[in-house]
Amino acid sequence: MSAAQIQVILASPQSFAGLIGQTLSTDNATRKSAEDLYSSLRRQRPDACATNLLQLLRTSSEVLVRSTCAVFLRKVVVKSSGKEPGWDQLSKSTQAVVKRELLAALAAEVDRNTAKQVAAVVIELGEQVMDEVPSAAPAKRGGRKKAPAAPKCGWPELLAGLQAWLQGGDVSAVTREAALKVVAGLAMELRTWAAQLAPVITACLAPQAELAVQLAALSAVSAFLEVLRKPAELRPYQAALAGGLGSLQAALAAGNTDLAEQLLVVLVQTAEREPALWQPHVRAAVPGMLALAGPAAGPGGAPLPDDLRKLAAEFVLTLVDIKPQMVQSEMGAGPLAAQLVSCLAHFLTCGVEDDPTWGDDPMAYPDMDADETLGELHRHGLECATRAADSLDSGAMLRAVVDMTGAWAADASDWRRRHAVLMCLSQVVGSVKEVVGPAELASLAGLLVGGLRDSHPRVRWAACHSLGVLCGDLGPALQLAPGGGGGVMLGALAELLAEPEGPACPQRLKANACRALVGFLEGLDAEPEEEAGAAGAAAAALSEEQRKAATVALVAPHLQPLAGPLLAAVDRCAAGEGGSLAGGRALVPTPTQEFSVDVLCRLACALGSSFASVYPAAMPRVLAVLGRCAAFHGPTAVASGSVTEDEATAIVRVQVGALECAVFTARAAGAAAAAEHLPALAALFGQLCRPDIASSSPLLVPLLAAVEPLAACLGPAVAPVLPPVLPLLAQWATRDVGLESLEDSDDEEPEEGDDDGEGAGGDAHASDSDSGEGDSEGRDDSDVGFVSYGGADYRYVASVAGAKAAAVSALEELVDRMGPAVAPQAPALAEALSACLLDYPLDDVVGPARTALPKLLRAYLAALSSGTLPASEPAASPAAAQALLLRLWQAVTAVLNFEAVAAPAAGPEGAVAGGAGLGPLMALPGCGLKRPTPTSATRADMAELLAAIVDCVEGSMLQQQWVADAFAALQAATKAAALEANVEQFAGADSDEEEEDDKSMDGSEDVDDEESERSEEEESEEDSGEKPAEARERLRTQVAACVSAFSRKYGDAVAALAQQLLAAAQPDQQLAALMSVRGGVVA
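Mapped onto UniProt numbering, the consecutive letters of the sequence shown carry residue numbers 1 to 1083.
Treat the hints with care, since some could be wrong.
[Claimed, not checked] The calculated lysine-lysine pairs, modelled on DSS-like cross-linking and capped at a C-alpha distance of 27 Å, are: (1) K79 x K99; (2) K99 x K83; (3) K116 x K75; (4) K32 x K83; (5) K99 x K32; (6) K79 x K92; (7) K79 x K116; (8) K32 x K79; (9) K1027 x K1049.
Just so you know, the hints here were simulated from the structure itself, not pulled from any lab data.
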């Protein structure tokens, strides 16, 4: 902008006003030109810009112009930045003018919105200048000593103006409201004068003040509660809280619900910030708020808006969350719980829509989230019920909800009330289970049975929902409680399922009844919790065998009544009835059919051999369901458009349910009965075990785990199932989990992607580095697990780790159950299990592998020695035996001698003692990083495994170099443990010195920090289960056991190696593990 243009604009107030007016033009070009001119003016002549804006703000008769000036002034007084001028660019004289004229404009403004915008400018400026200390006059010498100086204020005129505007009798409500907004916005800067301002702010909450002024005053109180800390500073504002309650009553009496909501928001803020200040007002505030939240609290008995009711309840719950003892001491625990439960039950009642078409859709899933007739108020009520139960006295809450349920359950006038209390029951009982005794269990069972037999399907649905939830929350205590409540509940569920389908019992209700049965039966398998009250303690006192017997005694009488409707639903699922229904698709089951399969599975698990009477009818039907959907592949079907993602998910759920039902019913029936269906089951496994199944597929883990119950049932007879299953087990047992140090993931970018385990198109042993999914850009951060190992934190692909754990667990079960019959598969199993040894940071992977390998080796060698392994089998050759043993030997010694094996090759041939060719074992596929250094605990586990392997084999099977490698590995493990002990000792000494230095510098200790650190250390030790020193001692013990095992095999031939191993140990270790190796004896 040229000087001439500037001169024209600043030549008269009218020219500047014209520029500001053009910034409000509806013509885009005109407005843009004016804005550009104003920006240039502000940069080149900030003082003139500021003074002209102030003049126009004071003199213009147009509200919009004054409002625009206030907006522009806020940018003028902001803190200066590199690009835009601000307060610091103004001259001192202009700054003084701005301070003076802003206050004058605030006092003179008559428009409420414009006054608020001017207040915002004052706040923006006050944040910068209030803490400035004015230049002090030079002190006079001599004279009497003066009293302490008053606090300094960088804008004393503002402080005086606020006092005048808040106290003056002739001040307009607009000015007073704006002044209060300034106080709230500058609460931090004004905290020194908070005590002076408290009475004048409280006076603004008087009934004669306008409601808008009262809201602004309450906001100022809330702002001070946030910045003040000392009780003496806060106490002056306690009286203002009662004024806030009066303001709320006045707003409601005037029918101003919008302002009432705003007042409630601020009241909730005060409860959050300083709940203790509310103690004198609790007896008035809490009942009043609960009354507001009730069903008919508005003028003339009309209900208030839902948002206002939720805010009223939120106020009470905020106090209850933060200060439960205070509220209960004032109100009484019982009365408070009763009033709160009543209020929330009204929320639940009003939040349910009475939709006459609710039961018409047989494809509706029995889940709360899928029920659109449960409105926001209902869901909010459920959340509030949980919060109340978590905070208030458990006994009082349980009595309140049980009494309320009993009272409303007898109310035939409104089904929604009966529905509401049953839903409330499901939310509360789990949080108060420690006070649930036999009498309460009987009451709960009676209420649930009454709900199951209600005349309205929605109430019955709520009873099914609550029954399933409570069976999970209370474990077997509810089902096995004395008095037969569990049997009555089962009988009521069986009656419901047997009812003809109709308006009183639609499929949507039957599906939820099946789901409740699943919860009932799963709860019987749960371990009773000691904290679950007297009833839980009684259930916990039963042994596992006693609980199983009690379960069978409870469920068996109801097996036949339940089996009829369940098998009929499974029949319809096998026939594809879901595809013929409105809204149904081919292969997509109805929820009733889906959950019927699940119930049969849980019945088989609960009853064991007592399920045998139903097995002949159930197994063919379940196999028919599985046969109908076994070939289905979700990603392909969705990509082709034949099904939606939701439909594909439902079909996969049936795949999982039918598969689990088939294998668990087979286990329950026993080997003889299951053998008949084994060929059909093997064929279905052939369809399900796709090599391209993704780690994210819900089918994968159940498919891998399905072998375990079959192996437990059939033993060696499970062999026909292995051809399709074993390759998949081996594929996932050897899959890389993507282990990555959190430090490495922050500091390094892998050069090549590693496989994240999705496996969408991979085969059993596809190169992990080729998948291209391990880089940070393609990584799925939602599919991640974390593990701490050796003092460092690592991440891994959670779905892959879960599948790997399931695979290795299944392999362990196969080895354990098949015995020598596993010999033909021994090489493949050894390869898979050996790979799992290298995932030593993951206990659920390496643990089963360590357990299974000695069993596998013994079974394999037993089959070789007895001749039961046919000579035609590839595994029967001596070379195969040597290769299998070498693979195990390499994996174990690689972990023990980690430092040598993981190091670069020492010579041109890569000849590291005992480690030639083993370096890649320790590398994480695809990223070139090494695996974590094994801890002493891991090496002790491997030493124990090595001793077990030595005990299994004949001496002639171990080559001389292997034995030497093993001793070198044991020696390396011993040295690593000694180094670990030294590092730990020195680190402890350094830590002690630093702590002493800190104490000497501070002269004090932070007790809270010390206790926090101690608790964290204790939790860490509890998680690890074994202290480092204990692990090192166990390692020494296992090394000695290994030497003993070798000595029993080779006698004096290994004496030199044993002595060399002992010589490498430190003197204190030699004393602790003194041995003499002579004549094959280690003493």
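Checking one constraint from the list: CA of K79 to CA of K99, max 27 Å. Satisfied? Holds - the C-alpha atoms of K99 and K79 are around 15 Å apart, at most 27 Å.
Does K92 sit within 27 Å of K79, going by the straight-line distance between their CA atoms? holds, 15 Å
Is K32 close enough to K79, meaning Cα to Cα at most 27 Å? holds, 25 Å
Tell me if the straight-line CA distance from K99 to K32 falls inside 27 Å. violated, 30 Å
Given the hinted pair K79 and K116, is their alpha-carbon gap at most 27 Å? holds, 21 Å
27 Å Cα cutoff - pair K116, K75: Holds, at about 16 Å.
Hint consistency between K1027 and K1049 [alpha-carbon to alpha-carbon, up to 27 Å]: violated, 33 Å
Straight-line alpha-carbon gap K32 to K83, limit 27 Å: Holds: K32 and K83 sit about 20 Å apart, inside 27 Å.
Would you check the hint for K99 and K83, treating anything up to 27 Å between C-alpha atoms as holding? Holds: K99 and K83 sit about 24 Å apart, inside 27 Å.
Going down the numbered hints, you'll see the structure goes against 5, 9, while the others check out.
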